[in-house]
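In order, the protein sequences belong to chains A and B. Residue numbers for the first sequence follow the numbering used here, beginning at 1 and rising by one. Residue numbers for the second sequence follow the numbering used here, beginning at 368 and rising by one.
Where hints are given, some of them may not hold.
As the list claims (entries may be wrong) - If the Cβ cut is set under 8 angstroms, some of the chain A residues that face chain B in the computed set are:
| id | residue |
| --- | --- |
| 1 | 59 |
| 2 | 79 |
| 3 | 101 |
| 4 | 103 |
| 5 | 137 |
| 6 | 153 |
| 7 | 230 |
| 8 | 231 |
| 9 | 280 |
| 10 | 299 |
| 11 | 364 |
| 12 | 366 |
What the hints assert, rightly or not - Distance ranges between label pairs, derived from CB positions:
| id | chain 1 | residue 1 | chain 2 | residue 2 | range |
| --- | --- | --- | --- | --- | --- |
| 13 | B | 612 | A | 250 | 18 to 24 angstroms |
| 14 | B | 545 | A | 195 | 36 to 42 angstroms |
| 15 | B | 632 | A | 272 | 54 to 60 angstroms |
| 16 | B | 798 | A | 76 | 55 to 61 angstroms |
| 17 | A | 276 | B | 584 | 54 to 60 angstroms |
In case anyone wonders, no lab produced these hints; they're calculated from the structure. Keep in mind that this is a model prediction, so the values were computed, not measured. Glycine is no exception: its CB is placed at the ideal position from the N, C-alpha and C atoms.
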Amino acid sequence: MKNPFGTIPLADTEGLPPAEIALAPTSLPDAARALRTATDRRMEVLIWGGGNHQGYGHRVYPDVVLVTTSLNRVASWEPEDLTLVAEGGTPIARVEEMLAEHRQTTLLPHHSPTSTIGGVLAAGLSGYHRHRYGPSRDRLLETTVVTGDGRTVRSGGRVVKNVTGYDIPRLMVGALGRLGLIGAVCLKLVPTPSAAVTVTVDDPAAALAALYRPLAVLSTPQGHRAFLWGTRAEVESQAGRVGTEAESGHAWPPPPSGMTAWSLRVPPSRLPEAIGRLPRSWDYVAQHGVGMVECAADRFDLGPATELRGWAESVGGAMVLAGGPEALYRQVDPWGAPPAGLDYQRRLSAEFDPYRILNRGRLPGGI
Amino acid sequence: MVTALRDTGLRDELVRHLGADRVMDSPLERHLYAKDAGVYRGDPTLVVIIESTEEAVAVVKAARRHRVPVVARGAGTGLSAGAVPEVGGVVLVTTRMNRIEDIDVENRTAWVGPGVINLDLSQTTTPYGLHFAPDPSSQSACTVGGNIACNSGGPHCLAEGSTVNHVLALEVVTDIGEVLLLGGAAPDPIGLDLRGIMVGSEGTLGIVTRALVKLTPNPPDVRTLAVAFPTIEDAASTVSGIIAAGLIPAALEIMDQLMMKAIENWLHAGLPTQAGALLLAEVTGVTEAVEAEARIVTDIARSNHASSVQVATSPEQRAIMWKSRKSAFGAVAQAAPDYYLHDTVVPRTRLVEAMRMVYEIGERHGITMMNVFHAGDGNLHPLMAFDASRPGQLEKVKAAADELVQICVEQGGVLSGEHGIGMEKRHLMPLLFSEVDLDAQARLKEVFDADGVFNPGKVLPEGSRCFDFGRPVPKGAWV
């Protein structure tokens with residue numbers, strides 16, 4: 001069959017799922033052309049950044065894999081304004097290295113060196129700093145999105161405060177590419193303070209209460225730690241309030257490891273109970289004051305997972321599958337009970353992707 | 368949606384649901400609800416005061432059946448005519464839905480009605496050491512529902528972000544009268560972020576009847592500094608310098624000399640009216656942090672020719688500093704009977720240049736420009752004092768206002784930082800967005816309100832939804 005995508009470069013990325021063709025557009029017009037062609041031919045497309053967060057959502061069986069990693073230019077960085085404009089496929093690690101020159105950061109999580117800005121935003125992920133700085137969506141100022149039918153839609157603006165039109169950028173966060181490919185973004189940056197300290201604490205709840213807006217208080221099976229940021233005098237005085245064993249810098253825990261990964265989300269006050277309910281064999285990182293527990297198991301453990309999901313949903317939360325073997329996705333809905341307003345969600349996605357070619361069915365309710 | 372001018376059927380139906388005293392259509396009542404705090408005026412067909420979600424549902428359903436639009440309204444302190452019933456319709460007033468329920472200290476949240484007054488919420492949660500971070504100048508009158516509609520800001524949004532960062536869940540009445548609960552207290556609700564898109568949508572997508580808001584811990588310590596400068600450029604350079612130094616204070620507000628004089632005339636706060644500009648800077652946090660940050664602010668100010676630095680030494684002194692800032696707009700009455708308060712944003716690196724152009728536009732149009740604004744966010748609020756009773760004055764002011772937006776957009780800015788688009792700026796949307804961009808926004812509006820029940824004509828310019836990308840409506844499209 002003749003390649004209908006003409007001159008758009010083919011992707012040579014390793015580890016891509018099977019598909020008729022894998023493309024790596026190098027410009028937004030190319031990406032728009034690719035999606036228009038896919039729409040015309042009703043070919044289903046999976047968007048692929050660093051491939052680190054593909055475990056979220058229902059499985060997609062694409063005709064085309066669209067790799068974003070050649071959309072990797074930093075268009076502008078205004079250190080004095082604390083804003084950055086970059087293409088969606090730009091690796092976060094590379095951006096962070098650049099920003100460190102002026103002691104600035106995006107705060108986007110990047111456990112893997114291949115994590116892209118667009119991928120992390122599409123998956124709706126936030127770093128461990130969110131207790132103090134809020135989720136990633138609070139720092140997304142502008143998006144340029146290529147819709148399923150190949151329109152290039154810009155919304156938001158390159159200033160830190162803006163109510164000009166509907167907040168489409170925010171809608172893109174956690175949309176898992178169902179509304180379009182995140183072509184470029186403008187992010188609000190955060191200045192990195194001069195001192196960082198990690199304190200081992202006995203009682204995370206007491207630490208959270210004693211500290212004024214710490215960066216994070218995390219629990220893992222190995223223990224509890226508080227993470228502080230600020231001036232030297234500030235972090236030292238804060239550290240002294242909660243623990244004795246303090247080390248300089250932030251020793252962030254690695255993401256929990258295991259065959260299956262879950263994201264347990266509950267109101268913050270329920271977090272200690274959530275930890276208590278985890279099977280003893282599971283690895284986890286729990287964020288106090290946030291209500292997020294990333295966890296991992298070495299086997300399917302569907303029984304305990306289903307039980308946790310039932311409890312989480314009963315307290316207004318969710319238990320979301322974040323990764324695992326293909327077979328697991330056939331046995332369990334990765335999302336659990338669907339949210340309210342599914343009909344509106346369905347219609348919204350239809351406006352951005354009328355032929356339903358983009359990451360089809362990935363969202364809750366099979367949207 | 369066609370507006371029935373005097374639809375007695377609708378009136379009777381609403382009286383059955385709400386009682387006669389909460390359905391109003393006398394000339395006086397209609398006049399009172401015809402405008403917000405800005406300069407535009409409409410004419411409501413009916414004004415209804417609702418007290419519950421069920422009543423909101425009943426009003427929406429009835430209005431829809433009678434093909435009459437619904438315009439939600441809080442306290443009417445908005446400035447972009449977002450709550451003005453431009454084409455008539457039912458003005459749905461939420462001020463009596465003012466219950467603060469379930470203050471949850473552990474989760475730092477509260478469920479509130481849309482009619483709760485912003486400042487009441489913060490005062491009610493003070494005993495728990497918490498407050499609602501968005502603090503518009505109108506906070507003693509404006510409602511949380513209005514804040515949500517406009518994604519309101521305020522001085523302290525510099526560090527804490529606008530209203531959208533403080534809304535965890537919304538109960539929304541949709542165009543068909545369905546009640547949706549969007550979001551929740553747990554982080555990252557699954558599916559598309561409908562809660563987020565509702566905030567700042569100016570009542571065009573649904574009626575918010577309850578909100579779960581995030582409360583912010585009160586800081587253990589605070590330093591408020593009033594710094595006087597010979598020129599407004601020096602004050603603006605100081606703000607740019609502070610941000611560039613990697614410091615994000617709790618607030619960075621500038622007022623110019625004219626504004627200071629107007630405020631001082633009635634408040635007698637001891638403002639340095641001989642100075643060209645005043646910078647109000649506030650740093651919050653633990654004592655060690657605020658001391659260090661206050662020193663940095665002072666140093667940067669001194670290097671930008673600050674003539675005096677006054678640090679509030681008591682809560683009362685701090686309160687008067689903030690009162691001078693937040694009461695500024697009331698003080699303008701002495702300068703002229705009317706004012707037009709503008710709201711635009713520029714990148715923070717362009718502050719000095721933007722301010723120069725603001726005064727230049729004022730001079731050219733012969734309009735007095737007074738300024739008090741959220742400098743740390745690059746959020747300008749030029750205030751044009753004028754006399755609307757003089758023919759041609761309002762038109763002149765509007766022309767200058769459009770020019771202001773134009774120069775801000777040329778500097779890389781946007782149309783509005785916190786007041787919204789409403790009727791005021793919809794015609795300027797094409798300055799910032801292409802046909803394709805506006806079409807996408809119009810499609811979004813259609814998803815939630817295909818028949819135009821909610822606040823028709825606001826936010827988007829007419830004709831936004833005409834771009835069809837050169838194709839017919841897709842056949843077999845999945846809807």
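Exercise. Have a go at the residue 231 of chain A hint: is there a Cβ in chain B nearer than 8 angstroms to its own Cβ?
Key: holds (5 angstroms)
Quiz item: Does the nearest C-beta of chain B fall within a distance shorter than 8 angstroms of the C-beta of residue 153 of chain A?
Solution: Because about 4 angstroms separates residue 153 of chain A from the closest Cβ in chain B, which is inside the 8 angstroms limit, the hint holds.
Quiz item: Given residue 230 of chain A was flagged as interface, is its beta-carbon under 8 angstroms from a beta-carbon of chain B?
Solution: holds (6 angstroms)
Practice problem: Take the C-beta atom of residue 545 of chain B and the C-beta atom of residue 195 of chain A, compute their distance, and say whether it sits inside 36 to 42 angstroms. | Solution: With a Cβ separation near 51 angstroms, residue 545 of chain B and residue 195 of chain A fall outside 36 to 42 angstroms, so the hint is violated.
Quiz item: Under the criterion of a CB-CB separation shorter than 8 angstroms, is residue 137 of chain A in contact with chain B as hinted?
Solution: holds (7 angstroms)
Quiz item: Quick one, is the residue 103 of chain A hint okay against chain B at 8 angstroms, beta carbons?
Solution: holds (6 angstroms)
Quiz item: Does residue 299 of chain A meet its interface restraint, that is, does its C-beta lie within less than 8 angstroms of any C-beta in chain B?
Solution: Constraint on residue 299 of chain A not satisfied, violated at 24 angstroms.
Quiz item: Falls inside 54 to 60 angstroms, the C-beta gap from residue 632 of chain B to residue 272 of chain A?
Solution: holds (56 angstroms)
Exercise. Would you check whether residue 59 of chain A satisfies its interface hint, that is, whether its CB is within less than 8 angstroms of any CB in chain B?
Key: violated (16 angstroms)
Practice problem: With a cut-off of 8 angstroms on the beta carbons, see whether residue 366 of chain A makes it to chain B. | Solution: With a closest approach of 11 angstroms, the residue 366 of chain A hint is violated.
Quiz item: Is the hinted range of 18 to 24 angstroms satisfied by the C-beta distance from residue 612 of chain B to residue 250 of chain A?
Solution: Taking Cβ atoms as reference, residue 612 of chain B and residue 250 of chain A lie about 22 angstroms apart, which means the hint holds.
Quiz item: Regarding the hint that residue 280 of chain A lies at the interface with chain B, is the smallest CB-CB distance below 8 angstroms?
Solution: violated (24 angstroms)
Checked against the numbered hints listed earlier, the structure breaks hints 1, 3, 9, 10, 12, 14, 16 and 17; every other hint is satisfied.
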